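Q: The listed protein sequences correspond, in order, to chains S and V.
This note's numbering puts the first sequence at residues 45 to 339.
This note's numbering puts the second sequence at residues 12 to 235.
Quick caveat, the hints were computed from the structure, so don't treat them as lab data.
Careful, some of the hints might be misleading.
[Said to hold, decoys possible] Mimicking DSS-like on lysine-lysine, the simulated pairs with C-alpha atoms at most 25 angstroms apart in a straight line are:
| hint | chain 1 | residue 1 | chain 2 | residue 2 |
| --- | --- | --- | --- | --- |
| 1 | V | K221 | S | K244 |
| 2 | S | K244 | V | K42 |
| 3 | V | K227 | S | K244 |
| 4 | S | K253 | V | K105 |
| 5 | S | K51 | V | K221 |
| 6 | V | K191 | V | K217 |
| 7 | S | K253 | V | K127 |
| 8 | V | K221 | V | K30 |
| 9 | V | K135 | S | K51 |
| 10 | V | K105 | V | K127 |
| 11 | V | K62 | S | K253 |
| 12 | S | K178 | S | K110 |
| 13 | V | K217 | V | K227 |
| 14 | S | K178 | S | K150 |
| 15 | V | K42 | S | K51 |
| 16 | V | K72 | V | K110 |
| 17 | V | K227 | S | K253 |
| 18 | V | K217 | S | K51 |
| 19 | V | K148 | S | K51 |
| 20 | S | K332 | V | K105 |
| 21 | V | K30 | V | K148 |
| 22 | V | K72 | V | K62 |
| 23 | S | K332 | V | K127 |
Only a predicted model underlies this, so the values are computations on that prediction, with no experimental measurement involved.
For reference, the chains in residue letters:
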Amino acid sequence: MLFTSFKQTRDNVRDNFSTTFSGVITTTISVSILGVFILIYLNLIHLSQTFFQQSHYSIFLSSQIKDSDKAELGERLSGIWGIKDIHWTSSEQARDDLLAGFSEAKEILEKIDFSKLPNIVEFSLNRVNALSAKELNDINKIDGVEEVFWGRETKDQINLFFDLTNFVGYFLIGMLLVSIFIIIRNTIYLSVQIRIEEIKILNNIGATKRFIKFPYVLEGILISFTGYFIAIGVIYLLYQFIIAGITYDETTYQIRGIVRFFDWFQLLSGLVVIFILGVISSFYATDKVINRLEL
Amino acid sequence: MSIESHISFNGIEKKYLRKEPLFRDLSLSIKQKEFVFLTGISGSGKSTFFKLIMGLEMPDKGSVCFNGETVNLIPPRQMPYHRRGIGIVFQDLKLLQKKTAYENIILPLLIRGVSKKQIQSGVKRVSKRLSIEPILKQPVQALSGGEQQLVAIARATISVPRIILADEPTANLDQAMAHKILETFNNLNANGATVIIATHDVGLIKAYQKRVLLIKDQNIIDVE
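Based on the provided sequences and hints, a complete structural model is requested.
A: Put into structure tokens, the structure is as follows:
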């Protein structure tokens, strides 16, 4: 049956080439728009993770903080997921660093009362979410902790931006998937319409609905796959073009290593989605005609 | 329905929307391996008679039985398998015009999913019987009416059905071709197939001395 259906699909495409071709082109355009959008979105997330989400925190400690409190703070910090590069700086250490760095101003600096400078613990957080309110509260509760300082506003703004982008993104993705569905459905619908007499003949001589439908479902898969692969090719060329532009620009050269194309898993997932769309839309179109014919 | 009967119509009533009934309380039976001519005026219901056997139309009342199975009770999913047991030659032939004679003939075997080897031996058998080997590779639209008729008969018989229904198979053909086609059906009947031929051709009916069913006054009567 498979060989017969392939042959039938080939005949369908040959006899109805202009419709199939326009179906492929419109599918390609939709998949390209969808792919470019997803690629930009993935890169935005990736860039934001790279540049902003490794947040830097500073904990200001009292100059009279006890060793036992320091130990408790150290223990508490090491228990937080995603924490890295914990760096302790005492007021004395800060003074020594300053003196070493500004030796020409040594006389002036030596007159400053460094005991009033706070001890500081600095660390980075390598995860998507910032420290939670509970984690912050646990740190603040420790005696000797005066203030936890971090770029919360920036992070909140980024998170808000992504929340909005997600909403718009899901809507756009949904709309484009629906449009791909409609394009394939209409193409197959036209293809089936042209062959109504043929379908009736097959039905009269004992063909099952499955036998009748299968070549059209194959045609739907063919349109969706062809559209998908062309679109991926177009997006890849576009990506290469942009990457090449970045390479020649010294100010953005470092970004080059960060901008990503789809990985194999994402490409395969896209193929699965487009396959399902091709099957469902062509099945729907064929079913609609066959049910109307009351076969 | 007797044990021997192959097809039976039991109290059939059939009418189309806003038209007089074609059949009213129609009952008849056709035995296995019978050769029957079905005749009647145009629009009397010859094609509908075939459609009722094939399950392409359902009776408004009564039942049609084929091989002990009530056709109007066959579930839609099983209907294709019922139709596969019937070889049909339509009045308008219903051939796929863009496809070759070969591609048309093998359709009943393709839908059954039989092997390529079986398809080839089937084509060889029917094309030899109908002497259509030279036209197998030609597209149907390039063939004459008589050749197309032979292709339709080849398609109807390639799967060796137990019953063959032919709706006006000799219409628009010259006498020699008509007799050739009738001889083919006669041979198929001799090989065990039940054959029902719908025709207007009185000369042909007389020439073959077979059972004749006449559709008259919304019923079918046996004509001696």
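Q: May I ask which of the numbered hints given earlier this structure violates, with the numbers listed in increasing order?
A: 1, 2, 3, 5, 8, 14, 15, 16, 17, 18, 21, 23
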